[in-house]
Structure formats: structure tokens, C-alpha cells
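Put chain S on the given structure of chain X with help from the hints.
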Amino acid sequence: MIFSNNSSFIKKFLSILIAFSTCLIIMFLTTVFIINNTLFNKSFIVKNLQHSDYIETCAEQIRNNMEKLGKDSGFSSDFFMTIASKDNVECDILNSFEKLYNNEDEDHSSDFEDMLYGKFVEYGTSNGYKITEGVSDNLHKLASFCGQIYASHTSIPCNAQIRALIEMEKNFFGVYVLIGLTLLLFMIIILVLINRKKLHELTKLLIAIFAGSCLSFSLILTSSKIFNVEGNIPISNIVFKNFAKKCYCEIWNEFLIILINFAIIFVLLVVFYIFLTKVYGQKNKQKYVKLSN
Amino acid sequence: MKKNILVSIIFLSVLFCLAGTFILYISLKPIAEPYVEVIDEVLQFEDHEMFDQMNFEHKNAFFADDIFGPNGIKFPPKSGSKYGKLWIETAKINAPLYYGDGKSELAKGIGTFEGAYLPGQGRTILICSHNMGYCKGLGDAAIGDQIHIETTYGNYVYTIVNTKIADADDESAYDLKKKEENVILYTCYPFNAYQTPTRYFVYAKYISGPKIFL
Chain X
1 MIFSNNSSFI KKFLSILIAF STCLIIMFLT TVFIINNTLF NKSFIVKNLQ
51 HSDYIETCAE QIRNNMEKLG KDSGFSSDFF MTIASKDNVE CDILNSFEKL
101 YNNEDEDHSS DFEDMLYGKF VEYGTSNGYK ITEGVSDNLH KLASFCGQIY
151 ASHTSIPCNA QIRALIEMEK NFFGVYVLIG LTLLLFMIII LVLINRKKLH
201 ELTKLLIAIF AGSCLSFSLI LTSSKIFNVE GNIPISNIVF KNFAKKCYCE
251 IWNEFLIILI NFAIIFVLLV VFYIFLTKVY GQKNKQKYVK LSN
Chain S
1001 MKKNILVSII FLSVLFCLAG TFILYISLKP IAEPYVEVID EVLQFEDHEM
1051 FDQMNFEHKN AFFADDIFGP NGIKFPPKSG SKYGKLWIET AKINAPLYYG
1101 DGKSELAKGI GTFEGAYLPG QGRTILICSH NMGYCKGLGD AAIGDQIHIE
1151 TTYGNYVYTI VNTKIADADD ESAYDLKKKE ENVILYTCYP FNAYQTPTRY
1201 FVYAKYISGP KIFL
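Protein sequences appear in the order of chains X and S.
Residues in the first sequence are numbered consecutively from 1, following our numbering.
Residues in the second sequence are numbered consecutively from 1001, following our numbering.
Incorrect hints may appear among the rest.
[Claimed, not checked] 16 Å max Cα-Cα, derived EDC-like pairs, lysine to aspartate or glutamate:
1. S/Lys1177 to S/Glu1114
2. X/Lys241 to S/Asp1040
3. X/Lys241 to S/Glu1037
4. X/Lys245 to S/Asp1040
Hints were generated in silico from the structure; no laboratory data involved.
If you're wondering where the values come from, they're calculated on a predicted model, not measured in any experiment.
If we strip away everything but chain X, and leave its shape as in the complex, we get (with noise of 0.2 Å):
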């Protein structure tokens, strides 16, 4: 039995409770670090969108649309392909991206329609056609609307609720980490007082900590290969389920080093438990010659 009196089992109730807490603790930081340094990360999500095939896949996507407005407008098919290039879309995507974690407002200037009217009249002229006011004004109406189709492929759905969640985020993540550092600092104080003449049931908690951690991160991300939640990502939209995939992977990558890292502590502490076993079995060895002395 593990119990052996009333005050050991409190102790060694509390313990294993305060250690459960502990281990919680850890569980819920090392996510939090995660999602933060991830999701709520510029520079990974930059990098995510340069690695992935996002930025080709939109202009691809306005070039395609553009292209069918060509062909009814009177423009010849190639004509719309020099117009959205893939530095300028990544260049303009990136750019949405810098002021969404930034908090700055989208910048929805006229320059793009400007230019793409500046090229209609460019080929109306030099194949024949006269600009009158009416056909300026239809131009004028292409533009915009070729506009909004290259707007709606740089720009950030749902712009402004994001932003307030990363803000939100920002915020609060100092606190959260805070608080969370605070408790695990308190849980081990705790632990340390209770177990301070039994260092080897301190190791042993302090082993089921860790190995009880890598054993919930070994079982999430397992389970997510299991059940493919990569492929079930539920977005219909073949551009942002893309990028979700590769952002998914990276992340599980992440979980992945922290595993590892954790399972490295893990196996230190069960050497250095196996280390006081034989220090404290040698000691005992040598008190009990004395006594039978």
C-alpha cells in the first residue's frame, strides 16, 4: 500500500494532488507559449505564407477571374495576366498581414484601379478604339470592379474582428503567463515543504509530473494523426485550407520539440532518481550495520 498513516496519507494526498495541479500548470503554458508564439506571431505566419502556396494560389485566382471579365469586356485573354503578378499580390498580402498585427486599418487607396484604368485606355488606344466619356466612365466601372476582385484576394476576411482578438490577445497574454508562472511557482514551494526530508518522493512526484505531461502531449498528437485532423480541417476554401495546413503542421511540430524537451527532463530526473535510491539505500545499508554493530 502506498498509504501507511493519517497525517503520511494527507501528505501524500496533497502531494499528489498539488503535483497534478503542477503538472497542469505546465500542460496549459506550454500551450499558451505555443499558440502565442504561432498564431498570435507575425513572423510565423509570414513565414507560413511565403513556404505555402497561399500567395500563388490568389493570383492565380484574380488572374483567372480577371481573365473571364476579359474575355467578355473586349480585352484579349492574355491581357489581364500581366496584371496581377505574383510579387505584387505577395507584396500587397503581406502588407495586409503587417497591419493586421499591427492594429493599423487596411489601407484601401484607389492606386491599383488608378493604374488598371491608366493600362485599359493604354490598350483602347493602341488598338483603335476612341475614349470617349462614356467609354471612360465604363472603364472607370471595370477598374473598380477588377478592384474589388483584387482587393477581396490581398485583403483579410473578417479584417477588424481579428484584430481585436490578436489585440485581446496581446493584452492578456502577460497576465495569463503571469498568473500561470505564479501558481507553478507556488504549487512547487508547496510541494518542496511537504516533501522537504523525502527528497526521492519529491523526484518521484516531480517524474510523474513530466512523464504525466509528455504522455498528454505524446496522446494529443498522436491522436491528431490518427484522426487526420489535417485533412478534416473544416475550410471549404482550398486557398486558406492550404495555409491552415501548413500552419497546422508547424504547430504540431512545436508541440512535437516540447515533447521531446520535456521527455529529456524526464529521463534526468529518473537518473537522478535512480542516483538517490542508491545513495539513500547505501545510507541505510551503512545505519543498519551500525546498529546490528
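Below, chain S alone, put in the same frame as chain X:
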């Protein structure tokens, strides 16, 4: 002894793992669930369906002086001009349709609010008339009845899906930002009252008719 220690460590680890994972799951699920439910709706580019259904008579329409609709008729109509007619058989409404809803237009027929859209544009069409005039029978129009709108550029059919009595100032009675073709026809209420603050709204959804470039 060693075996007992090993068993106790394993037992504690598994207990922490299962209980910890369970607590994390039930505490994070209510936070994440609302976002997961809306994420698909949120992460969409603006709908450009209209764009796929452009229907121009002339290939070089943008280089012509006017934008042409499916029948080669100028679109949009001139403000204040008659551009069609509206009829609802069951309500015995058959009236000319004007672009604009000022005194002049309402005196001659049924008016279309210029701040909204026109039939074929895939958005909300807000139409009104006087209760003592062309829309006095609007109360007889029931859910399922059809509204026919014949325009200079095409014929449209809508089905009534709802009716409502609301204040003239009640902005919830009409949604001009709706991204699907629908008609809101309204008149003063009660039907025999003069200069009343209440309106009778009839809502209809699109059934057929040519789509127009926005």
C-alpha cells in the same frame, strides 16, 4: 519495493495524463468551438458569382458608349424614367415601373429606390407605391404568389416568401446589403389610411430572369 515504486510512478503518470488531457479538452473546447463553427464562413473571398454570369450582347461592350444588357437595351435606366411594369395576379396589381421613388414617379406608377439595385443585379430591389393607388390590393398577396417584373432589358419572376408590418423607420425591415437577388415591395399601412407611419412589407425571392453585370 522497487517494483512498487515503478508501479506508483507509472500509475501517477497515466493518471496525470488522462485527467490532464480531459481537463484541457473540456476547458479549451468551449473557447475554440465558436471559432471552428464560423471559420468556413469567414474565410471566403468576396462572392463574384455575378461576374460569371455577365451577359453582353457585344464583345467590346466596354469600348461602346453604353453598357448593353442582354437585349441590347441601355442599362441602367435613366432616373425618373419608366423602365418596365410590375404585376401580381392574386393582388390585382398591374402597374408601370419607374426608376426612382419620388412624388413624380409614385404619382405615375410603382417606384424603385435608386439607392438599392435593379432586377438582375443580384441584390435587393426596393419597390414602393401608394396604398391608395397601385398597391391597394397588396394585402391580398400571399406567401407563394408570384411577382412579375417586366423590364426593358429582361423579364423577372419572384416568389413571395414573407410579409411584415413595421414602422417606416424600422431599418430591420429591409436589408439592402443582402448578397442575393430579392424584392421588397412596400406600401403604407393600413391600406385605407392616409399618411401613416406604418408600412406593409412583402418579401420575395428570385426565381428567374437574366443576370446583369453589377
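We went through each hint and held it up to the structure:
1. S/Lys1177 to S/Glu1114: Roughly 14 Å between the alpha carbons, so the hint for S/Lys1177 and S/Glu1114 holds.
2. X/Lys241 to S/Asp1040: 9 Å, holds
3. X/Lys241 to S/Glu1037: Given that 16 Å is the threshold and the Cα spacing comes to 15 Å, the pair holds.
4. X/Lys245 to S/Asp1040: It holds: about 14 Å lies between the C-alpha atoms, which stays within 16 Å.
Consistency with the previously given hints is maintained throughout, with no hint failing.
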